[in-house]
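Protein chains in written order, with the numbering used here: chain B, 1 to 358; chain S, 1 to 309; chain A, 1 to 260.
These are calculated hints, taken from the structure and not from any lab test. Please note that the accuracy of each hint is not assured.
[Claimed, not checked] Only pairs whose alpha carbons sit at most 30 angstroms apart, straight line, appear in this in silico DSS-like list of lysine-lysine:
#	chain 1	residue 1	chain 2	residue 2
1	B	Lys26	B	Lys197
2	S	Lys30	A	Lys23
3	B	Lys197	A	Lys114
4	A	Lys152	A	Lys114
5	B	Lys197	A	Lys137
6	A	Lys65	B	Lys10
7	A	Lys4	A	Lys112
8	A	Lys4	B	Lys26
9	A	Lys23	B	Lys197
10	A	Lys4	B	Lys348
11	B	Lys26	A	Lys75
12	A	Lys114	A	Lys23
13	B	Lys350	S	Lys30
14	A	Lys23	B	Lys26
15	A	Lys23	B	Lys10
16	S	Lys30	A	Lys83
17	A	Lys4	A	Lys97
18	B	Lys197	A	Lys83
19	B	Lys350	A	Lys152
20	A	Lys23	A	Lys4
21	A	Lys83	A	Lys114
22	A	Lys114	B	Lys10
23	A	Lys65	A	Lys97
24	A	Lys235	B	Lys197
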Amino acid sequence: MLYRENGQFKTTYAADQQIFTITQDKWFVIAVIAFAFIGVPMIADEYMFRAILIPFLILALAALGVNLLVGYCGQITLGAGAFMAVGAYAAYNFQIRIDGMPLIAAVLLGGLTSAGIGIIFGIPSLRVRGLYLAVATLAAQFFCDWAFLRIQWFTNNSSSGSVSISNLQVFGWTIDAPVEKYLFCLVFIVLFALLAKNLTRATMGRQWMAIRDMDVAAEVIGIRPMYAKLSAFAVSSFFVGVAGALWGFVHLGSWEPAAFSVDRSFQLLFMVIIGGMGSIFGSFIGAAFIVILPIFLNQFLPALGSIVGVTISTAAVSHAELIIFGSLIVFFLIVEPHGLARLWAIAKEKLRLWPFPH
Amino acid sequence: MGFFIETLIGGLMAGMLYSLVALGFVLIFKSSGVFNFAQGAMVLFAALAMARFSEWANAALGGDSLLLANVIAFFGAGLAMLFVAWAVERFVLRKLVNQEGATLLMATLGITYILEGVGQTLFGSEIYNIDVGMPKEPVMMFESMFEGGILINKEDFIAALIAAILVGLLTLFFQKTPVGRALRAVADDHQAAQSIGIPLNRIWVIVWLVAGIVALVAGIIWGSKLGVQFSLTTVALRALPVVILGGLTSVPGAIVGGLIIGVGEKLSEVYIGPMVGGGIEIWFAYVLALVFLLFRPQGLFGEKIINRV
Amino acid sequence: MSRKIGDVILDLQNISLRFGGVKALTDISFDIREHEVRAIIGPNGAGKSSMLNVINGVYHPQDGKIMFRGVERKKMEPHLAAKQGISRTFQNIALFKGMSVLDNIMTGRTLKIKSNLLLQALWIGPARNEEIAHRRKVEEIIDFLEIQHIRKTPVGRLPYGLQKRVDLGRALAMEPQILLLDEPMAGMNVEEKQDMCRFILDVNDHFGTTIVLIEHDMGVVMDISDRVVVLDYGKKIGDGLPDEVRASPEVIKAYLGAGH
Numbered sequence: 001m002l003y004r005e006n007g008q009f010k011t012t013y014a015a016d017q018q019i020f021t022i023t024q025d026k027w028f029v030i031a032v033i034a035f036a037f038i039g040v041p042m043i044a045d046e047y048m049f050r051a052i053l054i055p056f057l058i059l060a061l062a063a064l065g066v067n068l069l070v071g072y073c074g075q076i077t078l079g080a081g082a083f084m085a086v087g088a089y090a091a092y093n094f095q096i097r098i099d100g101m102p103l104i105a106a107v108l109l110g111g112l113t114s115a116g117i118g119i120i121f122g123i124p125s126l127r128v129r130g131l132y133l134a135v136a137t138l139a140a141q142f143f144c145d146w147a148f149l150r151i152q153w154f155t156n157n158s159s160s161g162s163v164s165i166s167n168l169q170v171f172g173w174t175i176d177a178p179v180e181k182y183l184f185c186l187v188f189i190v191l192f193a194l195l196a197k198n199l200t201r202a203t204m205g206r207q208w209m210a211i212r213d214m215d216v217a218a219e220v221i222g223i224r225p226m227y228a229k230l231s232a233f234a235v236s237s238f239f240v241g242v243a244g245a246l247w248g249f250v251h252l253g254s255w256e257p258a259a260f261s262v263d264r265s266f267q268l269l270f271m272v273i274i275g276g277m278g279s280i281f282g283s284f285i286g287a288a289f290i291v292i293l294p295i296f297l298n299q300f301l302p303a304l305g306s307i308v309g310v311t312i313s314t315a316a317v318s319h320a321e322l323i324i325f326g327s328l329i330v331f332f333l334i335v336e337p338h339g340l341a342r343l344w345a346i347a348k349e350k351l352r353l354w355p356f357p358h
Numbered sequence: 001m002g003f004f005i006e007t008l009i010g011g012l013m014a015g016m017l018y019s020l021v022a023l024g025f026v027l028i029f030k031s032s033g034v035f036n037f038a039q040g041a042m043v044l045f046a047a048l049a050m051a052r053f054s055e056w057a058n059a060a061l062g063g064d065s066l067l068l069a070n071v072i073a074f075f076g077a078g079l080a081m082l083f084v085a086w087a088v089e090r091f092v093l094r095k096l097v098n099q100e101g102a103t104l105l106m107a108t109l110g111i112t113y114i115l116e117g118v119g120q121t122l123f124g125s126e127i128y129n130i131d132v133g134m135p136k137e138p139v140m141m142f143e144s145m146f147e148g149g150i151l152i153n154k155e156d157f158i159a160a161l162i163a164a165i166l167v168g169l170l171t172l173f174f175q176k177t178p179v180g181r182a183l184r185a186v187a188d189d190h191q192a193a194q195s196i197g198i199p200l201n202r203i204w205v206i207v208w209l210v211a212g213i214v215a216l217v218a219g220i221i222w223g224s225k226l227g228v229q230f231s232l233t234t235v236a237l238r239a240l241p242v243v244i245l246g247g248l249t250s251v252p253g254a255i256v257g258g259l260i261i262g263v264g265e266k267l268s269e270v271y272i273g274p275m276v277g278g279g280i281e282i283w284f285a286y287v288l289a290l291v292f293l294l295f296r297p298q299g300l301f302g303e304k305i306i307n308r309v
Numbered sequence: 001m002s003r004k005i006g007d008v009i010l011d012l013q014n015i016s017l018r019f020g021g022v023k024a025l026t027d028i029s030f031d032i033r034e035h036e037v038r039a040i041i042g043p044n045g046a047g048k049s050s051m052l053n054v055i056n057g058v059y060h061p062q063d064g065k066i067m068f069r070g071v072e073r074k075k076m077e078p079h080l081a082a083k084q085g086i087s088r089t090f091q092n093i094a095l096f097k098g099m100s101v102l103d104n105i106m107t108g109r110t111l112k113i114k115s116n117l118l119l120q121a122l123w124i125g126p127a128r129n130e131e132i133a134h135r136r137k138v139e140e141i142i143d144f145l146e147i148q149h150i151r152k153t154p155v156g157r158l159p160y161g162l163q164k165r166v167d168l169g170r171a172l173a174m175e176p177q178i179l180l181l182d183e184p185m186a187g188m189n190v191e192e193k194q195d196m197c198r199f200i201l202d203v204n205d206h207f208g209t210t211i212v213l214i215e216h217d218m219g220v221v222m223d224i225s226d227r228v229v230v231l232d233y234g235k236k237i238g239d240g241l242p243d244e245v246r247a248s249p250e251v252i253k254a255y256l257g258a259g260h
């Protein structure tokens, strides 16, 4: 009965166009964000930050980027990992080659570089669609894998493509402890989620969705497919690139190209499928799900095994992980193509009517 | 000159194997509109089954007859692929009829993971050997024509031959048999095919089985050459540019595309690679396919897509 | 009718369109005058939809000229046609299924929204004001089409008749000079047809929008159109006032077959 919109009348279009049209939603999200900033740092331990929270935040940002492209604009990409790599290595180069480059600027420039590369690899989307495009994006993946391994300039002449960054500073504040890294990432994620939400409720988002749903009709009402698709590639790659830079700088500290392999691309795509295509909230649930699932299985399966008296090896756990992952993807595609976010929306719909469902 | 031709032939041999994997893609896409990302996982699964069945059969037979053990293993692995085909149809395709291509593609990504997991759980995750008695020694040819002759691996030669025979058989199967005709009908229009009484579900099982057998043959050839291991799944990633180049719906396209990619990879690796630090063969194939796509979005032999409103 | 029919706004001269070896349109010429309701009729497969697709730039005819307000159109893209003020509805409703009615109609305003990506991302100043201004415009269309109650509903969930109305709304949101309607009444019942007729005539009356209409219901066509073009097998076999066309032996033959 608490979740009601009765009596919440909109008297202006501005009020009707705000992000959360239902007051309870707004307060819920504000509470979550406040908890993330204040509550979490008080209760989480170092392991939580390193193994769960920081990867979750950064991958959620990347998944958000992928969702803008796949979920909103309908262009499949299997090369998101490559754009993370571009973001990370570009930010690295800005950081070490330009004296006094501020950390935030380096990260954002990494994202912009990634956006540029994204536009280049988005060009095939103007000619090909769907399955062919998915393969085209793999070209980006393999090319970037190779480039960062073999072209020494990108990695400041390190032999195996491995680079490292240390001493992260923002306005004199050294980001060192896990909780600081967490807060640094959190600020990025909250701001970027807001940007994504704004874009998707403005004309840009409508153009993307129009292209996704019916591209010929979109063109007929004056949407330029080239502009819509390439802007989706650019914005998506920007988000993914920033996430890549954060992944390298903040989460890993030192990394090599394998950190951004094709497996990463698939992982991001799965986050979007499981979380919910075309849902910003879904990107977050998808990321949380995929970050937590392996950790959970690693703990749970051996424990389950010992109860029934079987020792489960780590190899067996990793195989089980593959099977469960695969099954979940198929399950979601069959049962709820809109992912966890849709289940959440349905639950809310029910809650709105509860306890009088008719 | 001799070296160039040697590289060329090496490329053609590798290309023939790509064609074989690509053929699996094309078969499934042609008849069910599914872009089967799991083809690589099917190769791994089939090869693992083959290697382990052969090992077990050999042990059971007391090591007397490797040939018999291999024959048993081949049929065992074939059965395993039949089961895979049935399960995929029963639990995935049937539930996703009339969904968009992209959704089906992602579903096959899921199947990839399941096959990898199940395969390794059942058959183990070590490196296994498949020994079907392929000759390993290289032969010298055309010694009279070029200085130093041309070195060809007999194994590659036989593999290419097997691939060519398989391609021929499949073409016959598609063109001449009633099942092949039904397959082509289904490929054109699911609902129309159903309405004239073609059992869609059974057709899909058959197609996936055929693709599974193709995967098995590819797995045996690659496996006996390089050993059966997880990295076999990357074969699918190597074969993707082939399908793009050749067109998703064209059997000849898969073959020509495979040869072009095989040769292109080898030549680029030998002649361009050293200039830029090597290792370019993986992305070279993709970039080749990509550039090609920009000029001919439907691939070499694919059908032109007309947009209707 | 009190409307004043103006000069020729769109003049199609000797249009021929082929797909491979198939001739969709052969040497077709006719003109469209400002503010009129111009119907294109003909049996199935006569090339009516192809004609619309030529007019709004989806198909590029191999031969012939298209003059828009006296200026010849070179090879053009659909979005350029949209810029000139040509909008359309579709035979098999081509709405954006994943979006709400409101958003669908808002897409019709795309060409009129000027703020850039960055402003939109930040949702500040001009971008925000623009959204509100266009929303107001779209609400007028929603009122006009009497679909207020479904404005937030995803279009995929709507019944056919309402979807057709939303399709019209999206086309109207462009404030078009020429509105192309591809079988706006196909599959509707009598009431729905009456509503649709009323909307079409209202648009024509109030905004002076030129209307090009494909329709199978002869009663409707004869009632609301000013002039009629008849196509058969990609050729023009009649052109004129509704009564003239109805009396033409060739048209009767095309519709009833040679034996009658």
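Violating hint indices (sorted, rising): 6, 8, 9, 10, 11, 12, 13, 14, 15, 16, 17, 20, 23 and 24
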